[in-house]
Structures are given as C-alpha cells and as structure tokens.
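Engineer: One letter stands for each residue in the lines below.
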Amino acid sequence: MLEMPVVDLEKCTGCGTCVAACHCGAIIIVDGKATIIETKVCGWCGVCEAVCPQGALYCEYEIVIEG
Amino acid sequence: MAAPVEFLQASPYFAGMNTPELESIADLFYQKTIGKGEIITFEGDPGEALYFVISGAVKCFKNSREGKEQILQIVLPGGSFNDVAVFDRGPSPTSTETMSLVNCYVIARQDMQRIIKDYPRLAPNVINVLSGRIRHLLALVEDLSFRQVISRIARILLEYADGAGPKQKLTQQEMAALAGTAREVVGRSLKTLQEEGMIRMERNRLIIANKEGLAQMVDTVDRE
Numbered sequence: 195m196l197e198m199p200v201v202d203l204e205k206c207t208g209c210g211t212c213v214a215a216c217h218c219g220a221i222i223i224v225d226g227k228a229t230i231i232e233t234k235v236c237g238w239c240g241v242c243e244a245v246c247p248q249g250a251l252y253c254e255y256e257i258v259i260e261g
Numbered sequence: 013m014a015a016p017v018e019f020l021q022a023s024p025y026f027a028g029m030n031t032p033e034l035e036s037i038a039d040l041f042y043q044k045t046i047g048k049g050e051i052i053t054f055e056g057d058p059g060e061a062l063y064f065v066i067s068g069a070v071k072c073f074k075n076s077r078e079g080k081e082q083i084l085q086i087v088l089p090g091g092s093f094n095d096v097a098v099f100d101r102g103p104s105p106t107s108t109e110t111m112s113l114v115n116c117y118v119i120a121r122q123d124m125q126r127i128i129k130d131y132p133r134l135a136p137n138v139i140n141v142l143s144g145r146i147r148h149l150l151a152l153v154e155d156l157s158f159r160q161v162i163s164r165i166a167r168i169l170l171e172y173a174d175g176a177g178p179k180q181k182l183t184q185q186e187m188a189a190l191a192g193t194a195r196e197v198v199g200r201s202l203k204t205l206q207e208e209g210m211i212r213m214e215r216n217r218l219i220i221a222n223k224e225g226l227a228q229m230v231d232t233v234d235r236e
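In order, the protein sequence lines correspond to chains A and B.
Mapping of the first sequence onto my numbering: position 31 corresponds to residue 225, and the numbering continues sequentially without gaps.
Mapping of the second sequence onto my numbering: position 18 corresponds to residue 30, and the numbering continues sequentially without gaps.
Read the hints as simulated data drawn from the structure, not as lab findings.
Mixed in with the good hints there might be a few duds.
[To be verified] Simulated crosslink set (EDC-like; lysine to aspartate or glutamate; CA at most 16 Å straight-line):
(1) Lys-227/A <-> Asp-202/A
(2) Lys-223/B <-> Glu-208/B
(3) Lys-227/A <-> Glu-260/A
(4) Lys-205/A <-> Glu-50/B
(5) Lys-179/B <-> Glu-256/A
(6) Lys-181/B <-> Glu-214/B
(7) Lys-48/B <-> Glu-260/A
(8) Lys-181/B <-> Glu-204/A
(9) Lys-234/A <-> Glu-214/B
(10) Lys-181/B <-> Glu-256/A
(11) Lys-223/B <-> Asp-174/B
(12) Lys-223/B <-> Glu-204/A
(13) Lys-223/B <-> Asp-155/B
(14) Lys-44/B <-> Glu-60/B
(15) Lys-48/B <-> Asp-202/A
[Claimed, not checked] So these bits of chain A aren't anywhere near chain B, every CB distance computed over 12 Å:
(16) Leu-196
(17) Met-198
(18) Gly-208
(19) Gly-210
(20) Thr-211
(21) His-217
(22) Gly-219
(23) Asp-225
(24) Gly-226
(25) Lys-234
(26) Gly-249
(27) Val-258
Glycine included, C-beta positions come from ideal geometry on N, C-alpha and C.
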C-alpha cells in the first residue's frame, strides 16, 4: 500500500482548501471530510498540509540515514 | 491498569527501588490511551498529574500570541512530561499534545509527592531528571540564539533519524516548530540541504546522504 498524507477527520471541517491546492487530484471531499485517494502521482509536495487552516493534514517524513 | 514493575524499574525516577517497593507503588499509576492530535494539558493549567509515555510521541510546546508554535521537547517512550508543574505546584509551563496514538501511565501529583516523601532516597533521581530537562532546554537556547536555521534543521534531522533513538516521523510543520521558524523556511532549508548533497528526498522519505557533513553544519555556531 502506498503511503499517502493523512487526514485528521476530527479536525477537518471539509472546507476544501486542500482539494483546490492539491496539484495531483489526490484529495476529494466525501461526507464533508477531506479524503485521500491513493495515487502514485502524489509527490509529497506538502502543499495540502501547508494550506490546511485546521492543521488537519499531515505529510510526515521518515528520516533515515543512508547506508 | 497498574504500571508493571518492569516499566517503573526502567524509569529514571524510580532507579534504585527494589521489586517489593515498586509493587507497593504500582497501583498508584493508571493507564491512559489518547488519540493523535489531542491536547493533554494546557499551558497555565495546574500540574495535577505526571505522565510516563509507554508508546507514541507527545510534544511539549508554547504558542505565541500570533499562534506561532515552538516545540520545546518531544517526549518518546520511556520519557515523562508535566514534571515541573507537578514538583513546583505551579502552572504547567507548556501545553502538551499527542503526535501519534499515545499510551501512557499517569500518576496524580499528590501520589507522586507522597512516593518521594516515603522514599527520600529518590530525591537525587528527581534532581537528575530535572537537570536533564535543564540541559535540553539550554541546548535549545543555544540553538535559537547562535545557530542559523539551516544548522538547526540539520541537528533535528540527525536527532530524529532512524537509528538515532526511538523512531518518530516529522512533518515540515513540526520541524519548523522545533527549529523556531516558519514552515516555508524549513522547505527552503531542506531544498538547500538537497542541493548541497547532504540529504535526498524520496517522497515521504528524507534520506541523510552525508551524515558527517550534516554534523559539521550542526557544529557551525554563529556567535557574532
């Protein structure tokens, strides 16, 4: 399963700001909440997290040391 | 559920207590599970309880009037929070929020104080824990006072890299709150680190390609 940004459904108000900002169409509103669609097109740009007025979207990085 | 003796044994607060002693205090703790993104304590609240993290991560932070967040500490499994307010009986100096699903053991302030009173030999343990807290905060003051943002980001990446300690994923927003800067600045710093060959970003993986170079950046302290 492809890792995707995560929505905190309790914080999300379904305002749609992230839907408008997402470059790859990975977010839709379902039942008044942002819902992430699994897609390889998502390049983890972080725009959805940056624009969310509620801080309800998380694009977490796994930090690893090479080698 | 009472805290298991093994968990208490591993806590720096209770180092030196034997099994029967630990068994006698285990019932004073209860377990609590808290969902991701929930506030546990608010800055200014009375310190009613001390928390010991079993799993997950908790951030201790302060907010400016404008809403800017500064993370002072991320508490990982084995660590504790709300200590200062519990011991000095003053208001909580920071707010705390879960960064993931968190399991913790909780003990009421009065119970913790009674344990210290009943076992005075634990006092040096308390001093050790609080001294560690002061050292951590002094390092943060040094960071914020003398280091450029990019050096702070380098330090955060090395601190939270897999293998350096308990694993905790970070968002750019959280890196900004740890470094005392804006999210946009973190984005620019990561881009610069990438251009300099220090890191590589593969979607949700941030790979440290030049650990030594990054460590050198951390050591570069601007004292002008």
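Engineer: The structure should be examined with respect to each hint, and the outcome stated for every one.
Structural biologist: Going down the list of hints, with the structure as the test:
1. Among the hinted pairs, Lys-227/A with Asp-202/A is consistent with the structure: their alpha-carbon atoms are about 9 Å apart, no more than 16 Å.
2. With a CA separation close to 12 Å, the supplied pair Lys-223/B and Glu-208/B stays within the 16 Å bound.
3. A hinted pair counts as satisfied when its Cα atoms are at most 16 Å apart, and Lys-227/A with Glu-260/A does not qualify at roughly 37 Å.
4. Straight-line distance between C-alpha atoms of Lys-205/A and Glu-50/B comes to about 10 Å, which keeps the hinted pair within the 16 Å bound.
5. For the given pair, Lys-179/B sits about 9 Å from Glu-256/A by alpha-carbon distance, which is consistent with the 16 Å threshold.
6. As the CA atoms of Lys-181/B and Glu-214/B are separated by approximately 14 Å, the hinted pair is consistent with the 16 Å bound.
7. For a cut-off of 16 Å, the pair hint linking Lys-48/B to Glu-260/A is broken: about 29 Å separates their Cα positions.
8. For the suggested pair Lys-181/B and Glu-204/A, the alpha carbons sit about 21 Å apart, so the restraint of at most 16 Å is broken.
9. The suggested pairing of Lys-234/A with Glu-214/B holds, with an alpha-carbon distance near 12 Å, which does not exceed 16 Å.
10. Between Lys-181/B and Glu-256/A the CA atoms are separated by roughly 5 Å; this keeps the pair inside 16 Å, and the hint holds.
11. Proximity of Lys-223/B to Asp-174/B is assessed by CA-CA distance (about 12 Å); at most 16 Å being required, the pair is judged to hold.
12. Under the criterion of a C-alpha separation no larger than 16 Å, the hint pairing Lys-223/B with Glu-204/A is inconsistent with the structure, at around 38 Å.
13. Only pairs whose Cα atoms come within 16 Å are accepted, and Lys-223/B paired with Asp-155/B is rejected, the gap being roughly 19 Å.
14. As the CA atoms of Lys-44/B and Glu-60/B are separated by approximately 15 Å, the hinted pair is consistent with the 16 Å bound.
15. Of the supplied pair hints, the one linking Lys-48/B and Asp-202/A holds, its CA atoms being roughly 8 Å apart against a limit of 16 Å.
16. For Leu-196/A, the shortest C-beta to C-beta distance to chain B comes to about 9 Å, within the 12 Å cut-off, and the non-interface label is violated.
17. Met-198/A, annotated as away from the interface, has a beta carbon of chain B within 12 Å; the closest lies near 9 Å.
18. At the 12 Å boundary, the C-beta of Gly-208/A stays outside the reach of chain B, the nearest C-beta of that chain being 17 Å off.
19. No beta-carbon of chain B comes within 12 Å of the beta-carbon of Gly-210/A; the shortest separation is about 20 Å.
20. In this structure Thr-211/A is separated from chain B by more than 12 Å, as the shortest Cβ-Cβ distance comes to about 15 Å.
21. For His-217/A, the non-interface assignment is confirmed: its Cβ lies about 14 Å from the closest Cβ of chain B, beyond the 12 Å cut-off.
22. Separation of Gly-219/A from chain B is adequate, the least Cβ-Cβ distance of about 17 Å exceeding the 12 Å criterion.
23. Every CB of chain B is more than 12 Å from the CB of Asp-225/A (nearest about 20 Å), matching its label as outside the interface.
24. At roughly 18 Å from the closest C-beta of chain B, the C-beta of Gly-226/A stays outside 12 Å, upholding its exclusion from the interface.
25. The Cβ of Lys-234/A does not lie farther than 12 Å from every Cβ of chain B; its closest approach is about 9 Å, which violates its non-interface assignment.
26. Listed as a non-interface residue, Gly-249/A fails to keep its Cβ farther than 12 Å from every Cβ of chain B; the least gap is roughly 7 Å.
27. Non-interface call for Val-258/A relative to chain B: violated, since the shortest CB-CB distance, roughly 5 Å, does not exceed 12 Å.
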